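Model the full assembly from the supplied sequences, consistent with the hints where possible.
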Amino acid sequence: AGELGAAGYLPVELRGGGYRAKELKAAAFSASDMRVGGYLAVDMKGAGFSAAELYSNGYSAKALRDGTFVARDLKPLGISAGEMKIAGFEAINLRDVQFTISELKEGKYTATELKVAKYYADELRGAGYAAVELKKANFSGVEMKSGGYTSTDLKEAGYTAKKVKAAGYTAADAKEAGWSIEVLKDAGYEATELREAKCTAAELKMVGFELRELRAAGFPTPELQNVGYGAEELRAAGTSLAELASAGSSVADLKAAGISAIGLKAEGMSLADMKGAGYPLRELKAAGFTAAELRSVDFGADELVAGGYTVKDLKDAGFTNADELRGAGCTVRDLKEGGYGTRALKKGGYGVEDLLAGGFQTKDLREGGFSVNELKAADMTTEQLWAGGYTADALKAYGSSIEELAQVGFSVEELVKANFAASELKAIGFTAKTLAAAGKSIKELHAAGYVAEELRVARFKLSELREVGISAAELLELSITVSQLLAAGFTPSELRVAGAPVHTLRLAGISDEQLRVAGWTAEQLKAAGATAVALAQAGYPFEELGRAGYSAEKLKEAGFNPTQLRQAGFSAKMLELAGYTGVQLKGAGFTARELKECGLKPSICFTLQELKNENFTPKELSTEGYELKDLKDVCSVAELREAGKEVRELIKAGLTIAQLRLGGVMPTELRESGVTVKEFRASGFTPDVMRQSGYSPTDLKQGGYTVREMHDSGFPVSLMRDHYFKAAQLREGGYSLQSLKAANFIPKELQEGGFSASDMKAVGFSAAELMNAGFAVNDLRVVNVSASALKEAGCSIEQLKSGGFKLKQLKAVEGVELSDFRSAGYTAGQLRGAGFEPKDIRDAGYSGEEQRSAGITAKERKQLGDPSSELKLSGYSAVDLEDAGFTAKQVRDAGYSALELTKVSFSVAECKLAGFSPQEMRIMGFRPKELKDGGLSLQEIKTAGYPPWLLRESFPVWLLAKAPKSAHLSAVTPRVVVPSKSTSKSAMTLFREGVVARISSPSCTPHMSPTNVSRSSPRSAPSLYEGDGLLGTIAEAEMDANSQAMAPSIIGPEEPHAEPHAEPHAEPPIPQAIPPPSSWSDFGLTVAAALGWTENPPSAEPGPKE
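Note that the sequence shown covers residues 1 to 1106 in our numbering.
Just so you know, the hints here were simulated from the structure itself, not pulled from any lab data. Warning: the hint list may mix true and false statements.
To be verified - Below, simulated BS3-like cross-link-like pairs (lysine-lysine); rule was C-alpha separation at most 27 Å, straight line: (1) K285 x K255; (2) K155 x K85; (3) K255 x K265; (4) K145 x K105; (5) K45 x K75; (6) K396 x K417; (7) K417 x K433; (8) K862 x K811; (9) K678 x K701; (10) K932 x K942; (11) K45 x K85; (12) K185 x K205; (13) K903 x K932; (14) K596 x K573; (15) K912 x K929; (16) K426 x K396; (17) K162 x K145; (18) K346 x K396; (19) K108 x K145; (20) K336 x K346; (21) K748 x K811; (22) K118 x K108; (23) K105 x K62; (24) K417 x K363; (25) K912 x K932; (26) K806 x K839; (27) K396 x K363; (28) K629 x K701; (29) K556 x K526; (30) K426 x K443; (31) K701 x K748; (32) K601 x K573; (33) K903 x K889; (34) K62 x K118; (35) K265 x K275; (36) K75 x K105; (37) K105 x K118; (38) K155 x K198; (39) K601 x K619; (40) K315 x K285.
Since we're looking at a predicted model, the values are computed, not measured.
So, in structure tokens, the structure goes:
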């Protein structure tokens, strides 16, 4: 196979020769060629080709499946589910190789096929399958519900309500889907389910549900009544009377229905409703209602009495108003026997006479609330009232005098209880002692005028006498002793006011402290013999003892400390004379100066700091013996200097530079003492102070002062620059860019100093200045310096491009030459994309080829005046020029060949006018008919080189036919030269070697189809005539991969008079289409037989125009 392939044999020939696919694969034939040669996918698979190789070389999915390839082989090839389905694969095959259900749906797999493939309803729903599709696939209602389909989906798909119920959908679901209540009832939904689905009782009754079912479904009685069910029906269905009543059935209706009061009471009907319905009182009494219950519904006493209830029943029922019972015919005696007391009868309007006549006593009347006045009005005497239990207080309230009450026998105790005043009782002769025994208090008796002596006889205690206000003086007049009075609770203070001598109280055991508290002065106690020590112990303050005339020495003996003596007004000198030391005086709060004034030396007991705190001057402290080394720790530098101390002395004494600075010493003074700048800085001298003292920024810098410190102290930038400080130093020290600019720092210095382009732009530096400072274009672009500004500053377009500016930004810059863009490296396409016009791009110097590559059309070039020849040189096709409006002549003049014009749509007339020859128009693809219609003559068309059979579509045969040139063509009997069957070569091989079939009958004109001739072939179909006779050579066939049909081709005529076994042409012409085998019988020979086709010769389908 390899050798034959190298010799030019095609796979179709090798296949006809019996070669297997494996041999051709080994001979390096491509899968594509083998497919064209008719090898099936199963052959190719056996030869070792993979599914991927076969699919990429034109084998269809179906061909691969027929070739025993499985879905797993085809899935990695990217073959869609739709192609797989067409190829005959089932859904289960695709599922096994991980095709998604969505892909299967897109591939037109039905729900039935997917169900067979074990897909569930929820998966199909997720993929978008409608419920109706699943129904066709015989999915049950249960499967549909578990798959998430709604009842509406099932109804629309044609499922019955009964199946929907069986699937587990609720009545609410089914109702929502649109089924009527009647249909739902027929489907088996119960009343309970339909009620849950918001169906009313009326709707359910209408479709035939019974009352029993409606009650079981939980419909309330009111709703059942509203749909027409009566109380009797409801009662029969198990509705209680209470439910009927609460549903609106009146008790009157129930009474009319014959229900007794007993029955209604047993069912819990209210008494009020039963009364309102007209049940008589006796019937209600028989039903067990009490008088109290009947009274609660407004039955009167007369009705209850008439109904058989007793007075006790009425009383128990709450009839407390005797007037009601009186109106009902009850007597006082009846009421008394029924348990009504005088209080109730009194409220009922019965008078004293009525009650007395009814058997009640005075005591009863008193207990019933009758007043003394009411009884007196009935002529009762005070004695009768007293006998009836009325108190003296009650009789007193209604006018009985104390004398009357005393005469009828009221005791002093009762009179006291009646709140008669002690003065009234005293007036009728009662003594203080008697009244006291009857309960009158000493206070009342004292207020009634009983004197101390009478009260003392009544055995009241001295303490009680004291409490009612009897003074100690009065009691002292009764010979009561001080000790007795003190024991009775009289205070020393009261006794002092009563005039008791102080010595008697001291003798009675009252301490000096108590006497002090009672108000006796120290002077009085001193006169009574009390010592200073005793009085001090009694708590008399030092001041009072001092006023009493005790000396400091006596007070000291009494234990008073110097502080107390000082607070009492004793001077330091007096205390010093009393024997107190300086330390004691200091502890008492005396100041150092006070001690100094009384002749004591303060430094003995006061520290240096304490003396300083008392404003002792350095000079005074020096007189106390303190030296400068001591004073420096407590005195300020200023104070020491005021005292005349020199700076050198202060430094020698150990004061630091920092301390001297705080004392106001300036660097100029310290400089003379050899203090360095570094020491000044360490001591806290600020740069501004140093500057005032004559130090320069350079001095300060050498001494360690930072630029930041000098900046914060107000050093001007100009001064710093004069001392050679760099921009970077000043920036780090806090100086602003604006200040440095004002100090005439140049941009370069500022840039080197670390200022950014953004900073410098913000303070007004121009683009040119920034460029001169050394900033890159990209830096300036980032800080929004425009391309125009940079262009004005001298930047080229190339620099701006390198700096990151977009082409559209550069396009907006004024004054840029178009050629600059080209010089900057921009392509024509980039300019075109940035909005440049075609003229701009041309003017920028871009070549025609570059302009075409940039998308500038031939039409735009034509509008700019470019000739067609230049457009051809730029690479535009003839079609581009035709679309641009160039004429056929202009296109021809541009140098396009006829072959390049095969795709233009110029008419024959335009081409003829442009000067194209018939031969060129044939190459351009025009058919003879088109040339004829375009005005060309037969002779002109013949010069184009069309074969006669192609000319027949436009001209009759008789115009084309000529007399035969060879005598042998006149023979009637056709003869055919056929190779011997004994040869080992195949028919195809023999035809390749030049074996021809010569038909010598002039009448055998082949019926050729012009549609089989290729218009676009660079070679015209060779003439089928030898001279004007018929001669042809069958040379080659082409295998169609799909139909596996053989389409024979014509190579061309042999040389005149060639022998049958002549050698083939070294390079045969390109094959052209020949007529279908159905017309070959006109040749007088079954050419199929010559080719080895024994039956069913293939048909040659017309090819495309090209």
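When the hints from earlier in the document are held up against this structure, which numbers fail? The structure breaks hints 2, 21, 28; every other hint is satisfied.
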